[in-house]
Structure formats: structure tokens, C-alpha cells
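K.L.:
Listed here are the chains, written in short residue letters.
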Amino acid sequence: MGMTIAEKIIARAAKASEAHAGNIYVVELDHLMSNDGTTHLTIDMYNKLKNKQIYDKSKLVWIVDHNVPCDSPKTAASQKKMRDFAKENGITFHEGDGICHELMIEKYINPKELIFGADSHTCSYGELGAFGTGVGCTDYLYAMVTGKSWVLCPETLRFNFTGALQNGATARDLILTIIGRIGANGANYKAMEFAGPGMKNLTMSDRICICNLCVEAGAKTALMEVDDIAKAYLKEHGREAADGFVSDEDAVFEKVYDIDLSEIVPVVAKPHFVDNVSPVSEVEDVKINEAFLGSCNNGRIEDLRLGASIIKGKKVAEGVRFLVSPASRDVYDRAMAEGIIETFMDAGAIVVNPNCSVCWGSCQGVIGEGEVLISTGTRNFKGRAGDKNSFVYLGSAATVTASAIAGKIARADKV
Amino acid sequence: MASFTGKVFILGDDIDTDIIIPTEYLALKTIEDMRPYGFYPLRPELPSLIKPGDIIVAGNNFGCGSSREQAPEVIKALGVSCVIAKSFARIFYRNSINNGLLLIENSDIQDKIKEGDELTVNPGQDLVLNGESYKIGSLPENLMDILKEGGLVNAMKKRNGVI
Amino acid sequence: MGATLIEKIIRRNVHDDNVKAGDIVFVKPDRVMIHDIFIPFVADKFHEMGFKKVWDQDKVVIIYDHMVPASQVDDTRHFRRGDEFAKEQGIVHIHRADGICHQLMPELRYATPGDVVFGTDSHTVTYGGVSAFSTGIGYTEMAGILGTGELWIKVPETIRVNVNGRLPDGVTSKDVILTIIGDLTAAGATYKSMEFAGDTFDAMSVSERLTMANMTIEAGAKCGLFYADEKTAEFSGVPCDEEHGCFKDTNDGDYVKVMNYKAEDFVPVAACPSQVDKIRPISELKDIKIDQVFIGSCTNGRLEDLRAAAEILKGRHVAPYVKLIVTPASRSIYNAAVRDGIMKIFNDAGAIIMNPGCGLCCGRAGGILTDGETVVATNNRNFLGRMGTNKVNIYLASPVTAAHSAVAGYVRSV
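Protein chains in written order, with the working numbering: chain L, 90 to 504; chain X, 135 to 297; chain G, 6 to 419.
Only true hints are included.
Calculated pairs, DMTMM-like style, for lysine to aspartate or glutamate (alpha carbon to alpha carbon, straight line, at most 25 Å):
1. L/376 with G/89
2. X/291 with G/49
3. L/176 with G/353
4. X/291 with G/155
5. L/169 with G/296
6. G/262 with X/147
7. G/319 with L/427
To be clear about the criterion: a stretch of chain G counts as covered by chain L if any three or more of its residues have a C-beta under 8 Å from a C-beta of chain L, and this derived list gives those stretches:
8. 74 to 82
9. 323 to 337
10. 347 to 356
11. 368 to 375
Hints are computed from structural coordinates only; laboratory data are not their basis.
Quantities reported herein were computed from a predicted structural model and do not represent experimental measurements.
By construction, the Cβ of each residue, glycine as well, lies at the ideal position given by its N, Cα and C atoms.
Based on the sequences and whatever the hints tell you, model everything.
P.N.:
Rendered as C-alpha cells:
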């Protein structure tokens, strides 16, 4: 019986010859990522254990990215706990280097791997043919101590792409459109697999963007085949251009969607749900107070380039706050080298350090009562970016930048 | 200005404006919201202990640091009737006068007084502690005028004919 | 009749050559500055006082810097209130994310030699670096000025500080002002003007002078003034003559105190927790392990400061588990630092590079610390609880000391 990519990765991690959707497997994890959102809680639980041990510290990567730099003594205390523990136990540790998922993709993930991350957007690693999934502290702790966990092997929704994005549409518009179509729980517990001839027209950055957002449809993970584009990325980032898995021809998919990329148009997700998707043309003229370009979804060099190409020589609308946060130190470095940082600064943007920033809504660029934010972040839940009575629209780097210039939601071809 | 008596709280030298009200709380909407955080870094219990009419006695350079006017306003909101210190920082001094908070410069009582003592203040004349009198000065005329009006806002209101 | 620099500046403002220390005079400010934390209060008091129109829109500058980007939900209310007030009053000098007020005021020539400037921030004294009389006031007084265009002040007495000679390598103007504050104490210049003179200051850049003027408030001073020279005039875009507020040092004023230093005697120092006047030579601070370094603020966030730190960090990395936070003082400084490769050096060294603004210095975000942590910072205050809990240890030092400390993981000046 044929297997999907998800099933093959689970089988490998379970050291089984086959794995199939609906069954539970005991698996060995390849990486365990945790960030400052919850690591302090994991440490508290760990410290209560009778037999304190870490199964294999080389599998752990801890990343401080949510409140960087710290905004309160409370976050400083939880980060200190994390830093001290990492130091004491020799755990790979990043602080201020960028957003966890971006760093994992840039530095650590390999094809066929199974990764637990104590963050919901851990599903971001599918473009490298790796199965990443978000877990809570308890699951994380168990895996940290034993090296193992259990996984319910997911059904797979298969998305076949044909054609290429055009008309100013980006990968961000594509995945928002898909989530709008299948709904915020349309892929609950499931894997979303993306394939088809259209894949060759999507860059690695596009693919990361697509995989990253799948949790917003409820997906357990997102997966893609490791083609030459993915292998080139691995090589460029100092890793072996290893093969990934491909779903068998007779693999069982719960559902197959055929999507012609050329039909995608610029969209936004309106408050307060990611699946509340409309074409940008339907929400033009919504006045904004703030725009945000960044996050693990849309903070890569390609996104910044796109934004910079739109804003070059123009200015941020008076009274609008335009925050730009590169997703990692490397992204910042490249953006500086390419003159992109200066372009944003000259336009009046607020370029902040690489971190989760207002996507996480806790300490940087928080919005106030009644205010409107258009963001390339991952979520637009009520109150996500600040006051409980504030409004977040999700759009592409192009739409966000255009909106920052216009002072209202706008399509990039209109500014 | 009439005489009054209050219970004394003792603070040291260089009580800065970040101690009086930390920056973290400056964006709270009202002085009333900030009140519970008065003296937070140094003595967080003070807002719950200070009763209306109580007096703060401190050392040198009281109110040094920032120009934040919330500092005298929070002290006033706590019910403090006056601050007696060996010396005051300049901006704090102006801000206090402008908000009608009485400040008295005196270097004689600090060694004699302890927390909880009762102190009587006869403005412009003296302080009375355990029956002993300690002379104090009076304010320059232009400042007394502002104090008499109940602060700068009222003085300006009068100027603009809104009261 | 002899005069101190502050007397010369005030005489020019009030058109009365007999004004001297101790006199109470009404001055007409050439410029006023209001920042984001206080703008709602100023606007409210202005209306409460019964005023309708500011006396001169062109003389009012509004700057958002303490709360950029907003870290708390209510912060943006300050921006909205400021925008609303600016619109209502026709105020066009408004900077929403361009950097720290005290950098922008001299940089954008809102404060120039001989000016009288008031700001709703204690570090308004900074513009003494370009020979302006500038000082901090509260929001009520600011509201009064906005309505009346004047403020009463008592002409301050002057402490004259003479420094001559060449500063040793690795010693910066920050070390000089910290040392002077240590000698004067935190209240030593209360109500007074500090006046700096001597060839050591002549050799200093405007940037270095701004650093020193900025910190005079930490000795309680009403202002800290430098005589304007060709450098100042060029920086401020004015001719270097008395008509344009560039006064010569006649050294014939009535000084309440004169302090004399030899530049060669200065050493790298730090203000130790938690008093600005608790000054120790860095060489005596041997085994102080640090958790964080902050380079920025209106004291030491200028291009020269970043460059000095970058020279030390070039090709090196911040010590493991130590954070280095760099916050340029203004947008133009940020851009210049990108162009000059300074930001690249910081980024390669592992620094966290923030947007221009007050950052950690004002203690609302930007690198808050917790119990038991120690930070070396280039800003101006190390008050208890200023950067987190009251158990955070703050050492104030120069950008040179900050950079060396970041690499070593200990307080170091070499």
C-alpha cells in the first residue's frame, strides 16, 4: 500500500517499514525546538522530575525570539531561566539571531526529519521535506527526556499546483486563498502536501510562507517534495543536498485540490479570522494606523525586496507607523548589503531588530483601541496585536507596503 | 497657609523620579492609576501606608532625574501634605510648586526624626518635633503667588478669564 | 561688565545687558520640545488653562521617541493625541519615528547657538553642546509657555569647569563628564549653570560636547554650556558671531565655583549601581560579570559613539550568553551607520540592532533586565529600577568601555 510523504517520515521515525494514517506510532525526534514563549514552563516541569536527564542535548535548539529585546522584568526572568539552563546543559542557544522557524530552516532542518517545536508554526519545515509540528510543553518535555514521543499519523490533503503566480499575487495570497477556501479547521490533524508542476515556479521563500501558514487551517504539518530548488537552498546554507520523500503513486490522499496559480489574486484575511479572506479590491479604503512587514511568514529577504521595490522613492503615509522586522540576522545582513534597509529607513519606516515583533503582539508595535494594523504576520485573532478592540488584516508584503504608503489598505499596483 | 500635623515617612538622599514613579507606569491613563506604583522600586508598600496629611522627610536632592510631572502629582495623590528635604532637584521643585505640592527645605530635623513620628508644620515659620522648633524659610513671592492660586493651571485660568 | 555664558545668552534673549545671576526674568523661548510621554498631558493642560492657540506654531516641536515602537496597549493613545493636537494647532514640526528628541533638536537645527529652548524632558540640557540655553520643565509649565510664549526663570549662578590638555587614548568625553559629576555629586550643580572651557573642549567634536551637556542634569544643573566655535557654527548652520548667538569666552564672569582639570589625568570610569555620582575607575572594577550591554541614548547613541564601539567589535563576537543592544539615536545616524559598514560589524558581532529611539534608557522596553542581572550602558541614568527590577545593576560608561565589556563579558575598558 502506497504512502504519503507524511506517512513515510513517520515510518522512518518509528523505524517501521510502513506507517499509515489513523495509526499511532512511537517515534524518535530529530530536532526539538523551543522558544521563549514557553521554555521557562518546560524548565519548571523538568525541575520537578525525579530523574532529571536530557536524552540527547544535540537535538535541542532553544531560541529567544518572542520578546527580543525584553520589555518587562517578567519576560527578562523567563529568558534568564532559559539562558541559564541552556548554558548549564550545553543546549544550542540563540538569542537575538532571529525568529525560531527562520533559524531552524536556515541552519538545522534536513529532509525526512521529524521535528517537534513548542510553537504552532513549527509546520514551517515542509519545504525541506521535513515533518515539523507544534506541541505543548508537556509533550516537549517528554520528548526532551526520552528522545521519543507518539504521533497519530495524519491523513493528507494534497494540493496540486499548476501554472505560475501573476497579477501581483504572491505565495502569501495563495496560502491565504487556500485557507479561505478550506476554512480555519479545514485541515485539522491533517498534513497538507503541496506538489504539481506549479511548484517549480515557487521560490524557497514562497514555499516557507505556504508551509508556515498551514497551521491556520488546523494542519498538523505541511510537506513538499525536495526538488532542485530545495536542494540548492540546502547547499547554499551549508548542508547536504539530501533527497526527501515523494508520495507514492498509489498513496491515499483524503482529498486532492487542483489549484491554478495564475488564478490567484491579492487577498487579505479580515479581522478576526485567518479564513475570513477577501480580495484586496474589496477592502480598499480601510484606513490603517500601522503596517507590519516581517514574521516567520513573510520576513525573508524576498519579502523585504518586494516591499522595498514598492516603497523606493516614496514615503510612509503621515501618521502611519510602518514596522519592518527582518526574520533573521542573515536576512538583515543581506538587506543592508542590498540597500533595502536604507530604502525603508528613507521612506520613514521603523526598522526593528529581527524578532517576532508585532506578529506576536506583546512588546513591539502594539496597537491601541480601535486601531487597524495590516500585517504580514501569521494571525489576526481578536486582540492579537494589542488592544482587544483593535483590528488586524493579513496581507502580502506587497499589499502591506502599498498600504503603508497609501495610509489605507491598497493594492501594490495602485500606489 | 494654615498649620498642620502629620505622621512622618523617612526616605534617604537622591530619591529620584524613577523611584517616585517608574517610567513603566507613565503611560497609565490617570494619576489615580499610577498612585499604587508610587515609590515602587524602593518601597512598594508606601502607597498602602501613607494616609492623607502624612509627611515625607528626606535627605539631599529629592526628586532628581526626569522632568516627569507625574512625580509630584503622584506624591500629592498619595495624600502627602508636604515633602521636607535637605535639598530638592530643580525641575521637581518647579513641578511641585506648579501643582500646589508644598516643599520645605530643611537640614536640621533629619537626624532627630524617625519614621512614624508626628510632625507639625507651620508654613513659612517652623517645624515642631517633640516640642522642639526648627526654623524654615518662606518661598519667593512669585512662587507664593502660584501656590496661592492653587497651582499654575489655576493661575493661567485666571489670566485667561476662565475662572 | 563681565558675564558668564548663561548671562550672555539670557541677556540676548531679554534684550537687557544688566541681567545677572539671581535675577528673575521672563524669557521668550526660541523653541520648545514636547515628547510622546507628555504630549497628552500638555494638550490637556493647555486647554484646561483656557488657551485656544499656541503662541507660535513654528517654535513648537513634537517628537515621539520614548514609546517607539509601542510596547503597551495604551501607548498609541499618546501618538493619536499628539497628532490631534498638532493638527488642531497647525504644528508641522512633528517627528514620529525619527529618533531621540535630544538628538533631533540639535541635528535638525531646531536648537542653535544662543537659543533659549525648553523641553518636557530633563535631558533637554543637551543643547548646551551647541551653546543653547536649554532645560527641562514639566508639562504644566510647557502648557503655559504654549499659551503665553514666555516663562519666568531665575538666572542661574555658574560653575566653571576648565579642562586643558589632551585626553589619553581610550578616554572619552563620557568619562570626563562622569568624573566631573562624581566630583560635584548628584546635587552639586543644582539650580546652577555649568560652563565648560579649555582647549580639551576646543578639540572635542560637537557630538562629544553634546554627550557632556546631556549629563549635566545628573549633577542637578539647570544647563551645561559650551562656547560655540567654528565647529558648532557649521553644525548648526549659522555664522560664527555674537549676533548669531556664538559667544566668545571672555572668562570674566562671576563664578560660584571653578573646577580645574588636566585632561591627561582622566581615566575610563563608570557610574556604579545605583547612583550617577558613584564613580569608579574601570581598572578597579575587575571581576564584574555582565549579562547585557546597551549602546545608545541621547548621551551616547551618535555616529561617533557607534563607530568607536564598532572599531573594537570588528572581527570579534559578543561574549557567549551576553546580549549587546545597539540603539542609534536618530534615523540619519542609523542610515550613516549602515552606509559606513558599522551596522554590519555590529550584526556580525551578534548585536541586537534596534530602531532609533530611547530604547532601554527610558526603561519601558528595549532590553529590560531582571533580578541579579548586570548591564553596562552608555546612557545617562542608573537609578534603582530604571532598567527593570530594583535588583538590576547598572554601570554607566562610555561606548568604548561598553564595547570592550561586551566582548569580554566583564566590565572592561581595554
